[in-house]
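Peer 1: Read off the chains here:
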Amino acid sequence: MIELLNALLVIVLVLNLFALGNSRILSVIRIVAVQGALLGVIPLLVHERITTPALIAAVAAIGLKGIAIPAIMIRSLRAAEIKREVEPLVGLLPSIILGALATAVVLLFSRKLGAASEAASNMIIPASISTVLVGFILLITRFKALSQVLGYLVLENGIFIFGMLLIEAIPLVVEMGLLLDLFVGIFVISIITNHINQAFSSMDTRELVSLKE
Amino acid sequence: MPLQLILAGILAALCSGLPSLVLPKSSAWGQRLSVLMMLASGAMGLLGAGIALFAPPFPDLGFPWPQAGNSLLGLDPLSAFFLFPVFLIGALGSVYGLGYWPIPRHRENGASLQLFWGFLVAGLGLLLVARHGMAFLLGWEIMALSAFFLVALQDRQAESRKASLVYLMATHVATLALFGLLVLWRASTGSFLLNPVGGDVLGLAAMNAIFVLALLVFGLKAGMMPLHFWLPMAHASAPSQVSAILSGVVLKMGIYGLLRFLSLIPSPPTSWGAIILALGALSGVLGVAFAIAQHDLKRLLAYHSVENIGIILMGLGLAMLGRSLERPDWVVLGLGACLLHVWNHSLFKSLLFFGAGSVVHATGSRQIEEQGGLAKAMPWTSLFFLIGAIAICGLPPLNGFVSEFLVYMGLFRSLGFEGARGSAAVIAAPALALIGALALACFVKVQGTVFLGLPRTARAGRATESPPSMLAPMALLAALCALIGLAPALVSRALDPVIALWAPEGAFRRPDLASLVPLGAIGTMSRFLLAAALATVLGSALLRRVRRGVGTWDCGYARPTARMQYTASSFAASIVDMFAFALRPRVRGPLIFGHFPGPTGMHGEVDDAILDRGIIPAMRGVGHWSDWLKRFQRGLIQHYMLYILIAVLALLCTLIPFGEILAFLSSR
Chain B
1 MIELLNALLV IVLVLNLFAL GNSRILSVIR IVAVQGALLG VIPLLVHERI
51 TTPALIAAVA AIGLKGIAIP AIMIRSLRAA EIKREVEPLV GLLPSIILGA
101 LATAVVLLFS RKLGAASEAA SNMIIPASIS TVLVGFILLI TRFKALSQVL
151 GYLVLENGIF IFGMLLIEAI PLVVEMGLLL DLFVGIFVIS IITNHINQAF
201 SSMDTRELVS LKE
Chain S
1001 MPLQLILAGI LAALCSGLPS LVLPKSSAWG QRLSVLMMLA SGAMGLLGAG
1051 IALFAPPFPD LGFPWPQAGN SLLGLDPLSA FFLFPVFLIG ALGSVYGLGY
1101 WPIPRHRENG ASLQLFWGFL VAGLGLLLVA RHGMAFLLGW EIMALSAFFL
1151 VALQDRQAES RKASLVYLMA THVATLALFG LLVLWRASTG SFLLNPVGGD
1201 VLGLAAMNAI FVLALLVFGL KAGMMPLHFW LPMAHASAPS QVSAILSGVV
1251 LKMGIYGLLR FLSLIPSPPT SWGAIILALG ALSGVLGVAF AIAQHDLKRL
1301 LAYHSVENIG IILMGLGLAM LGRSLERPDW VVLGLGACLL HVWNHSLFKS
1351 LLFFGAGSVV HATGSRQIEE QGGLAKAMPW TSLFFLIGAI AICGLPPLNG
1401 FVSEFLVYMG LFRSLGFEGA RGSAAVIAAP ALALIGALAL ACFVKVQGTV
1451 FLGLPRTARA GRATESPPSM LAPMALLAAL CALIGLAPAL VSRALDPVIA
1501 LWAPEGAFRR PDLASLVPLG AIGTMSRFLL AAALATVLGS ALLRRVRRGV
1551 GTWDCGYARP TARMQYTASS FAASIVDMFA FALRPRVRGP LIFGHFPGPT
1601 GMHGEVDDAI LDRGIIPAMR GVGHWSDWLK RFQRGLIQHY MLYILIAVLA
1651 LLCTLIPFGE ILAFLSSR
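So the protein sequences, as listed, match chains B and S. For what it's worth, this note's numbering labels the leading residue of the first sequence as 1, then goes sequentially. For what it's worth, this note's numbering labels the leading residue of the second sequence as 1001, then goes sequentially.
A portion of the hints provided could be inaccurate.
[Stated by the list, open to error] Here are some chain S residues pointing at chain B (derived, C-beta under 7 Å):
| no. | residue |
| --- | --- |
| 1 | GLY1635 |
| 2 | GLN1638 |
| 3 | LEU1642 |
| 4 | LEU1645 |
These are computed hints drawn from the structure, not numbers from a lab. This one's a predicted model, so the numbers in the text were calculated from it and none came from an experiment. C-beta atoms are modelled at their ideal positions from N, C-alpha and C, and glycine is treated no differently.
Please model the entire structure based on the sequences and the hints provided.
Peer 2: Structure representation (structure tokens):
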């Protein structure tokens, strides 16, 4: 089981780097969707036996992160008629290197962080932190509104992995509530994105500076 | 029973805005229902306060709530005394609003005026019946915030926005200090209950800290001189009935708070009384000096509130000195003056603000120089304003005289006490005389410029009398002013229970107020004066000595114009020059060259000493120095995410075991 879990987490980390290195927004949406769907499987692996609540959580996570949210975002992307993230703050290759460095540093230092002796896998904490960092890199370096949303999703995925440590402690209700929040958040952002597009005739969040007081 | 009546009154006031809010704005019925509720609230509140003040003492009514020490609310003569103006002005002000701020003509903010008016009265009531620090704080904040919304009512005007912001900052500072005061109270007495403490429970340091904080909180609210800066703007730009309740009632909550907290501390140091007396004299003299220099009618009245708070504080300071030096007659006279002036000021200042509102209603301008000759068009407003003006100047037949007379009596009592040092208080007496004379000059200026002479603008010439709904509250207030002035012996019965509560009989016997002051003789003299004045007026009317059809101020010129009248500024100029050291007037003088000078003009302005010359420049400096912080506010979400990332990484760095690393390196 642990080998399978570790393998999944490694795939998640690799997907992080793919997300950093791809300029086509449609591809990034798909990458993040796959990442979310993979993460939905993890709760089933962490538990010794499959219970109904865990099953519901897994199905809901896969359904939302793997299907519903990407579908909303792809619709929004079509409406906005853009394809690529042109001229990010940091170029694609440098941002891959940055992400890889962050992942490596976190993997090196994760033993010092301790605390996870009873965790199912010693990969969970480094995977979680490096995914969060990659989410931050996406948020900071990309300017299109949809890329920002993807950054938030990756960030949330990192937090989701961290939640695996507490899987025994977090009740199902909280888990479902988190998923609902995320879904509503993305839903609203997608609508706002369209409005930004109409108001500024651009999806560039830098245009929002004009709203600054 | 009285407490339940007052709570019912508070509840009625709290809900009074709902009809105006719910019913359609085009009909006057919403406001009429609100006014009815306010009248009911006023009737219940006044009845309850009356029972509490005049009936024999009864135990505090507690609510069974152990966490709050079982007694959240209570009622004693001190609360009841201050509840009178709250419910009186609360009811009268809402009646006044029917004519002054009718909802069908002020659809934008008429309903919110009613709503926050009710909240304000409810907050004031709650504050006064609170016996627990938390309830006190709750009432205080309801009062302060609803007053903010009332000041900010006309928020489309930049002036109103500025006034409400300055008020909000001042009241937040006061609330912050009140938090400190209550926490300190809890720390030093062990509970939030506002009960008197024994002699040696508080150390001198804690007592002094409580006093300084109380002076800051309640001085800010009362508009004591260095802390008055929020008051002129807020009073000037609010609707007139709001100015009336702010000046007449809300300021008094500062006095109430001081009285309440000082009553809880048994043996105050002598210096406290001296400080309050000195601050009172300062507020009085400078308040009236600033008032004379104003061009805006309501701003002028607002500075007069500072002056009257000064007189009230002089009475309080004298009472505090009497308590420290064990002179019961000082306590009785000083506290009697303080309390009576609280009532008097809330009566005549509300009357004057209602009158000023009536003038603004008729001519659309608050500028004194744009009025003139209104006595002919608005005889009733003019008469009521005159009554208020006589009262505020402290002239004999009316109520202001009685309370100022008590201050004089008390101050003169300090003559010869323990030689020169003890009679230092008597130097406050000339200050009071100066205040009286300057106030008289100021109201001669106002009455003469606004109501006498010829109209200075076309708008003032077209003025008409205000509707009865505005005149009736003014008539009632004027009648009350006259009643206290003509029969002062009546109010001494209201003062005695409060004085007994504030200064309980301990080692020394406390005389009655009536035994110290010949109140009956004052009343007889006032009645005689009134009769003589009425006889003069009637006599001259009967004899028809006044010739009609002659222009006012024509001075024998062939073709007099309205521009040849004395202006308010020129009338006040000599006094403003006398006080130029404090007022610092900015005068753009007339430029007169040659034998045949061209047309020229003259304009003088007086800024507020604290706000315009102290606080605003200082804050501008702070703003200038903190400008560099703005470079971090770029408006780019990416940058904000970077700040979050930096914070997260910094937090993660705390996990790095630097100690182990150092130990590892040193072991190598």
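Peer 1: Compare the structure with each hint and give your call.
Peer 2: So, going through the hints one by one against the coordinates:
{"no.": "1", "hint": "GLY1635", "result": "holds, 3 Å"}
{"no.": "2", "hint": "GLN1638", "result": "holds, 5 Å"}
{"no.": "3", "hint": "LEU1642", "result": "holds, 5 Å"}
{"no.": "4", "hint": "LEU1645", "result": "holds, 4 Å"}
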